[in-house]
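Following the hints, put chain F in place on chain H, whose structure we already have.
Number of protein chains: 2
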Amino acid sequence: MKKSIGAKPLLCPSPVWVIGTYDAEGKPNIMTASWAGTCCSSPPCVAVSLRSATYSHAGIQLNQAFTVNVMPRSMMAESDFCGIASGRDTNKWEKAGLTPVRSELVNAPYIAEAPFVAECVLKHTAELGLHTMFVGEIVDLKADATVLNDKGKPEMKKIDPFLFSMGDMQYFAVGEVIAKAFEVGKIFCD
Amino acid sequence: MKKSIGAKPLLCPSPVWVIGTYDAEGKPNIMTASWAGTCCSSPPCVAVSLRSATYSHAGIQLNQAFTVNVMPRSMMAESDFCGIASGRDTNKWEKAGLTPVRSELVNAPYIAEAPFVAECVLKHTAELGLHTMFVGEIVDLKADATVLNDKGKPEMKKIDPFLFSMGDMQYFAVGEVIAKAFEVGKIFCD
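Sequences listed follow chains H and F, in order. For the first sequence, UniProt numbering begins at 1 and goes up steadily by one. For the second sequence, UniProt numbering begins at 1 and goes up steadily by one.
Isolated chain H (complex conformation) (with noise of 0.2 Å):
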């Protein structure tokens, strides 16, 4: 028998990812969000949920652009603080010692120290509630080659993301390969 905990953002786990934007001045911003995932294949898109009350929400609709910049563990204190300061009153990327990049191909900067970034034009929006929900085309992914296996495909332990807990409040690691997916529910099949 399941206890009802009632209606809460509480499914787990969520990843850490930061995004770009510029603002009507065109000046860099970066925020973190964990409401956010890939929701298309083909073309590639990504979902990314923002208040409306942030700085970042603004440069999106002005740009109908913006970068997700997978953030290593290396770099989870700067990626909790561009969660915490706001663009409007703080350079972010001066206190936590981030470097924006212009995007040749959106409107939008990247983080040169981010070693696997998603480029993308907005493409839907939908206004939930407390967020909007921002899908961005992905139109290129760059990465550090330190990322990159030998194949040129980027590998999850390589890039060493981490996850958000809503409900633990806490950050937790990636930890390690325990399957190949699309095989080891084979043993169902018959």
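Hints listed in this document are in silico derivations from the structure and should not be mistaken for laboratory results. Take these hints with a grain of salt, some might be off.
Copies of the same chain look alike in the list, so a pair counts if it fits in one copy or across any two.
Stated by the list, open to error - Restricting the straight-line Cα-Cα distance to at most 27 Å, the calculated cross-link-like pairs of lysine-lysine (DSS-like) are:
| # | residue 1 | residue 2 |
| --- | --- | --- |
| 1 | K180 | K151 |
| 2 | K186 | K3 |
| 3 | K180 | K158 |
| 4 | K180 | K157 |
Just chain F now, kept in the frame of chain H:
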């Protein structure tokens, strides 16, 4: 200098959740989804993307409801299987040893053996390409007592969910707690 790796759905990490629906005859169905994530805090909402070719896709449209079942690492093979077989021609419940439970709140079944589930009513639909994104409003979360802490909150280490990475085509465990959210970044505030 980052390397371009093209427009691909390779962001990571992604959750491994199993989606519960009824078909037109009221038969319960389940399928695995990793293109998914929380997308609003209030009302709490979750986005789940399915290909229109899947059997579950029609079930969500028909009943305007679905469940999200957070699967533990111990049920990794069962979860993987639910992403390989189709409910059109396979009784996945029987093959994987899973038990459907009729939700009293939404017209969808959840999995008795899943430790943490969300019951959702369809709030928004977006056709993005290969995938349709379904946004569900969470009307209740239900949890096994074994995954709750002494304050009645779900703990991720007790749920023990696992992760998918499309770049690796592997499942990963959730690792250890590494920091308190909205705290560790304060070192950059002054």
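Quick rundown of the hints versus the structure:
no.	hint	result
1	K180 / K151	within (17 Å within a copy, 36 Å between copies)
2	K186 / K3	neither (32 Å within a copy, 36 Å between copies)
3	K180 / K158	both (17 Å within a copy, 23 Å between copies)
4	K180 / K157	both (14 Å within a copy, 22 Å between copies)
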